[in-house]
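2 protein chains.
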Amino acid sequence: MKPTLPDAALAQLFTEARTHNGFLPNPIPDETLRALYDLLKWGPTAANGCPARFRFIKSPEAKAKLKETLDPGNVEKTMAAPVTVLIGYDLAFYEELPKLFPHTDARAWFANNEALARETAFRDAALQGAYLILAARALGLDCGPMAGFDKARADELFFAGTTIRSLFLVNLGIGDPSKLFPRNPRLTFDEACQIL
Amino acid sequence: MKPTLPDAALAQLFTEARTHNGFLPNPIPDETLRALYDLLKWGPTAANGCPARFRFIKSPEAKAKLKETLDPGNVEKTMAAPVTVLIGYDLAFYEELPKLFPHTDARAWFANNEALARETAFRDAALQGAYLILAARALGLDCGPMAGFDKARADELFFAGTTIRSLFLVNLGIGDPSKLFPRNPRLTFDEACQIL
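For the record, the sequence lines run as chains E and Z.
If you count by the working numbering, then the first sequence holds residues 95 to 290, one letter each, in order.
If you count by the working numbering, then the second sequence holds residues 95 to 290, one letter each, in order.
Hints were generated in silico from the structure; no laboratory data involved.
There could be a bad hint or two in this list.
Copies of the same chain are indistinguishable here, so a pair counts whether it falls within one copy or spans any two.
To be verified - Lysine-lysine pairs mimicking BS3-like chemistry, simulated, CA-CA at most 25 Å apart: (1) Lys161 / Lys193; (2) Lys273 / Lys193; (3) Lys157 / Lys193; (4) Lys245 / Lys96; (5) Lys96 / Lys273; (6) Lys193 / Lys159.
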């Protein structure tokens, strides 16, 4: 059996990792964004469909467009973050299945079942967004995920003419610990789980 | 800035981790399932809503019920796994928000907006399912996530009389490397990502 990761790694990934509301000005090099994708891409999705699409919003021009879409409470921290990831889900992800899942005709499972394709794209892009959060933490970055933005407007600004739809945002950078909120509680094991 | 995790940890979590189709008979103690929840519970969700609910299916009786719901291709490996996690999403997760997000009335954001509550529950339980997969790998376990089962029947068998709905399954255990399939390719950075 493989070992449990060292406590410091578990702390960095889970037990001491926090959602950050402020970021230091340190930039994130493009190579770090590529290293991030090269980790998260290995996370599992149904039939290896990999429906998530990522827009790493970094330039002043792209950040100004993003700002238009944000709920007021999310503007300041997002403008301070060196990079914000817009995670989308491609409703036509199944067109890649002949390449991604070559041993059977998985494309046919989705191409004629729009409800299944939509649910799979949405669910598995959410999984991939979670892989991104944990991969970023594994690389020493802090994250601030957000659902509070105008998704239809973000679709127009960032995914026009495509089959990609906006799912959620993640600010990336080095968090400013002075802007953390007190940590909220979680459900207990007995509230959330049963062993059957 | 925090360090990048050691290569061995990145391999165990991402680059060498595989979806397993066979499991060795080694059991998983209940304490390991509690340790698993005590890691994954810290992963972020919108307004700390924590909508996922987990059923750790372990006894012969519970496994026999689960077997009824499985697609034929998922039966053998699931019956071999020492534990299968049924991940559900609670449509009424917002009833816990006065406890989980106590500084504002977040319950009201969802209680009168069924579409938003459903989308949030589904999306964020998927995030939590991904946290479970990576937390299990961090504890040295192997995973086999699956979407191929009768969710309506699983709702009847495992969530009757509740507001919880089935999302996906994850087999847990020590994987049998002889039953791995060849690894499928992933989209390249340029296929899945843009830096803007």
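Results of checking the hints against the structure:
1. Lys161 / Lys193: Classified as neither; 36 Å inside a copy, 31 Å across copies.
2. Lys273 / Lys193: between (45 Å within a copy, 22 Å between copies)
3. Lys157 / Lys193: This pair counts as neither: shortest intra-copy Cα distance 33 Å, inter-copy 35 Å.
4. Lys245 / Lys96: neither (41 Å within a copy, 32 Å between copies)
5. Lys96 / Lys273: between (37 Å within a copy, 17 Å between copies)
6. Lys193 / Lys159: neither (34 Å within a copy, 36 Å between copies)
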